[in-house]
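2 protein chains.
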Amino acid sequence: MQQTHTLPLATRATDLVGSMIDSSTSLLAQQTHDIVRFAMGSPAPEAVPTEALAEIGRRVFGPGEASAYDYAATEGDPALRDALLAELDGTTDATSPERLTITSGGMQGLDLTFKIFTDPGDLVVVESPTYTNGSATALSYQAELLEVPVDHEGLQVDRMEEMVGDGRKPKVIYTIPTFQNPSGASMSLDRRRRLLDLADRWGSLVIDDDPYGMLRFAGDAMPSLHELADGNPLVLSVRTFSKIIAPGLRVGWVDAAPELQQLLISAKQAMDTCTNLPMQRLVGGFLADGHLREHVTTQQAVYRERKVAMQDALTEHFDGGARWTDPEGGFFLWVTFGSEVDTEALFEVALAEGVAFIPGNAFSPSKHFPNALRVCFAATTPDRIREGIGRLRRAVDKVSA
Amino acid sequence: MQQTHTLPLATRATDLVGSMIDSSTSLLAQQTHDIVRFAMGSPAPEAVPTEALAEIGRRVFGPGEASAYDYAATEGDPALRDALLAELDGTTDATSPERLTITSGGMQGLDLTFKIFTDPGDLVVVESPTYTNGSATALSYQAELLEVPVDHEGLQVDRMEEMVGDGRKPKVIYTIPTFQNPSGASMSLDRRRRLLDLADRWGSLVIDDDPYGMLRFAGDAMPSLHELADGNPLVLSVRTFSKIIAPGLRVGWVDAAPELQQLLISAKQAMDTCTNLPMQRLVGGFLADGHLREHVTTQQAVYRERKVAMQDALTEHFDGGARWTDPEGGFFLWVTFGSEVDTEALFEVALAEGVAFIPGNAFSPSKHFPNALRVCFAATTPDRIREGIGRLRRAVDKVSA
Chain X
1 MQQTHTLPLA
11 TRATDLVGSM
21 IDSSTSLLAQ
31 QTHDIVRFAM
41 GSPAPEAVPT
51 EALAEIGRRV
61 FGPGEASAYD
71 YAATEGDPAL
81 RDALLAELDG
91 TTDATSPERL
101 TITSGGMQGL
111 DLTFKIFTDP
121 GDLVVVESPT
131 YTNGSATALS
141 YQAELLEVPV
151 DHEGLQVDRM
161 EEMVGDGRKP
171 KVIYTIPTFQ
181 NPSGASMSLD
191 RRRRLLDLAD
201 RWGSLVIDDD
211 PYGMLRFAGD
221 AMPSLHELAD
231 GNPLVLSVRT
241 FSKIIAPGLR
251 VGWVDAAPEL
261 QQLLISAKQA
271 MDTCTNLPMQ
281 RLVGGFLADG
291 HLREHVTTQQ
301 AVYRERKVAM
311 QDALTEHFDG
321 GARWTDPEGG
331 FFLWVTFGSE
341 VDTEALFEVA
351 LAEGVAFIPG
361 NAFSPSKHFP
371 NALRVCFAAT
381 TPDRIREGIG
391 RLRRAVDKVS
401 A
Chain V
1 MQQTHTLPLA
11 TRATDLVGSM
21 IDSSTSLLAQ
31 QTHDIVRFAM
41 GSPAPEAVPT
51 EALAEIGRRV
61 FGPGEASAYD
71 YAATEGDPAL
81 RDALLAELDG
91 TTDATSPERL
101 TITSGGMQGL
111 DLTFKIFTDP
121 GDLVVVESPT
131 YTNGSATALS
141 YQAELLEVPV
151 DHEGLQVDRM
161 EEMVGDGRKP
171 KVIYTIPTFQ
181 NPSGASMSLD
191 RRRRLLDLAD
201 RWGSLVIDDD
211 PYGMLRFAGD
221 AMPSLHELAD
231 GNPLVLSVRT
241 FSKIIAPGLR
251 VGWVDAAPEL
261 QQLLISAKQA
271 MDTCTNLPMQ
281 RLVGGFLADG
291 HLREHVTTQQ
301 AVYRERKVAM
311 QDALTEHFDG
321 GARWTDPEGG
331 FFLWVTFGSE
341 VDTEALFEVA
351 LAEGVAFIPG
361 NAFSPSKHFP
371 NALRVCFAAT
381 TPDRIREGIG
391 RLRRAVDKVS
401 A
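Sequence order for the protein chains is X and V. If you read the first sequence in UniProt numbering, its first letter stands for residue 1, the second for the next number, and so on. If you read the second sequence in UniProt numbering, its first letter stands for residue 1, the second for the next number, and so on.
With the rest of the complex left out, here is chain X (with noise of 0.2 Å):
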């Protein structure tokens, strides 16, 4: 006789929800009819530079090479990490090799992060809109988030302060300061100051998560947090090739104090033990080889011609009946209607119509977005952005019908 069994999940199991993000790309991953994507925050396919892997994947997994399949150091492989170190050499994230821990992806460098810093019940900062597999990550180690808005200079630091004001102060600041995702908008250089000062005064971890800091096509390069910090063990960079790239590697970096290396590789053995190797021998390969640098010009230059494109479609279909981000680099551009559009309702129609976005408030544990959405211009080329917004403003006109 079969009997009942009750599932004794923990208590976080409640808090693993499957986010709206992941049910918007299932609900497209099912659909036949030709869509224009601005959903996920993948590179162009044109954008993933398959000829010099593939090359270079002959050279360093191809036949015999055996060692290149075999576990990898947990802290990374060593080609990579002084590919990397070079790489990064000279520039505003230059850092030194005991800082540099390899991941499965930046998303995996979030979960250490906040593994190793998340107690039960403790306070995090989250922007508001936020990325929201980081918000999730969070979540799942039971904390409790603080969401603090972001406006054009990135997040309101002021708010953050009024906000935490004489009560509890947050364990951990989660912050994407640079062409931030979902939003687009930089933090200032006042308030990355402002930040930094209020971090260390509350003993705060601050998390910089910037996937996509290479990817300017305009402006000024600002300092990192953790050139700014001067220092303090409590800012850390989490960073990825997935964006400059390819997602599909998932390798990136955790770029931290010498002091929390040793607690990342124990935490990271615990969860896969190390990264896959050929993908790391393949990114150090594209990186020694030198090919980083010139690949991320021209995406620079690509991105930045798309960005104006949408831009322009948005214009042509929206002026007056919503507003939009002007980011300086990165892949989105951050789209708010009048309150009378339910972004969520209009996903499924514009679905139909042939595009596919991210709702709004799959960026906030809150859903504060419910008229917002997320739109990617970085996959898409200009003539397809064009399609692409014609439908959406269809689809709009449908809903508000």
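Treat each hint with caution, since some may be false.
What the hints assert, rightly or not - Using C-beta positions, here's what the derived DEER-type ranges look like: (1) X:G338 - V:E259: 57 to 67 Å; (2) X:D158 - V:G165: 19 to 29 Å; (3) X:R59 - V:D158: 51 to 61 Å; (4) V:L189 - X:L7: 18 to 28 Å.
As the list claims (entries may be wrong) - The following residues of chain V were derived to be distant from chain X, with all beta-carbon distances above 12 Å: (5) T95; (6) D190; (7) G219; (8) V302; (9) V308.
Said to hold, decoys possible - Stretch-level coverage of chain X by chain V, calculated; a stretch enters the list once three of its residues show a Cβ under 8 Å from a Cβ in chain V: (10) 98-109; (11) 114-122; (12) 151-159; (13) 198-207; (14) 217-228.
Just so you know, these hints were derived from the structure itself, not from any lab. Computed from a predicted model, the values in this text were never measured in an experiment. Cβ atoms here follow ideal geometry from the backbone N, Cα and C, with glycine treated the same way.
Dock chain V against the given chain X, drawing on the hints supplied.
Relative to chain X, chain V alone:
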């Protein structure tokens, strides 16, 4: 003025101590002289099918195949899941699509499971000795471990029942029932049944960690716990391609009740988003091309020969002074000396003699095995195995002198 910063670590961070395997392998990595490597649980370099993988790689992620570098579905690439289902069909491991979630190696299967099921203070049964990083993952979620001894028939289930007694019941029973790491023991059919009965009565989750199950080289196949569990959703398997193809791929799978899949997907999204896609496509191609069955058959014969070579060498050098296990598959022998040999002290002496192993205490959070060690026979030729065991004899003589 640089002030001192206190790291606001999570409580669990103190449980994230670097394992002894980690420190042993770090030390090993620094050696430059000739060493016979019995330490790591990697397949032999010559067992890695680099020719076939290179050929498949050219096809599945070669020039123009940008889609192979995009984000993968969190539950796994459809091509790999289909190929794996076909591969397992008709075997005692046969499963169904909705039970299958691709993971970043078997390790992530353990991380996912403990994350979903373990609250701080929950009781988790682990085998003694056990796989270090398995118990480390449970500890990273602040589980309390109950170490139950293993003998030549695997986990001593009667002992587990006695130890639990009238007290708190385990939330999770973590077992490696087939060719156990590190002991090599396989759980008898009678104990498998008894374990499932107790787990069912207690409402405990059973994790069947099975990296080696396909590598049987003696004896008859045994039904898996899942097969014996009669649909109990609290019995799941954690599997991997690490030992049957190559560990650097970091591709594994969890075979679990369909009602757990959405939880696994949500938890994995907040860990690493998805498993790297090029390696999923590579493994999928290796399976779809029909390579795995033949590859595993070849390896079984190789490993059988090596196990015998190691046992013969042990008999030659240690007859009467130590005892060792006789596994029917997998990678490891577990050697227990008379209590006068401290294998942690032995480790450095052996390294100087030119042979590496893992000390027994690395496999027990309470360090119950000071006079035991684990040797991997899989990665070394019979000649080198004989040489290595001879060196081990000399090292033992030195520390005993």
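Taking the shortest Cβ-to-Cβ distance between V302 of chain V and chain X, state whether it exceeds 12 Å.
holds, 14 Å
Given as non-interface: G219 of chain V, which should sit over 12 Å from chain X by C-beta
It holds; G219 of chain V is separated from chain X by about 28 Å at its closest Cβ, greater than 12 Å.
Count residues of the region 114-122 of chain X with a Cβ under 8 Å from any Cβ of chain V, then say if the count reaches three.
holds (count 7)
Would the non-interface assignment of D190 of chain V survive a Cβ cutoff of 12 Å against chain X?
holds, 22 Å
For the hint 18 to 28 Å, verify it against the beta carbon of L189 of chain V and that of L7 of chain X.
Roughly 27 Å apart at Cβ, these two residues keep to the hinted range, so it holds.
Quick check: does the Cβ-Cβ distance between R59 of chain X and D158 of chain V fall within 51 to 61 Å?
Since R59 of chain X and D158 of chain V have Cβ atoms about 56 Å apart, the given range 51 to 61 Å holds.
Per the coverage rule (Cβ-Cβ under 8 Å, at least three residues), is the region 98-109 of chain X covered by chain V?
holds (count 4)
Non-interface claim for V308 of chain V: all C-beta distances to chain X beyond 12 Å?
Label holds. Min Cβ-Cβ 24 Å, cutoff 12 Å.
Quick check: the region 151-159 of chain X, covered by chain V? Criterion 3+ residues, Cβ under 8 Å.
violated (count 0)
Three-residue Cβ test at 8 Å for the coverage of the region 217-228 of chain X by chain V
With 0 residues closer than 8 Å to chain V, the region 217-228 of chain X misses the three-residue bar; violated.
Outcome of range test on Cβ distance (D158 of chain X, G165 of chain V; 19 to 29 Å):
violated, 59 Å
Please settle this one: T95 of chain V was flagged as non-interface, so is its CB more than 12 Å from every CB on chain X?
holds, 19 Å
Hint compliance for this structure: hints 1, 2, 12, 14 are not met, and every other hint is.
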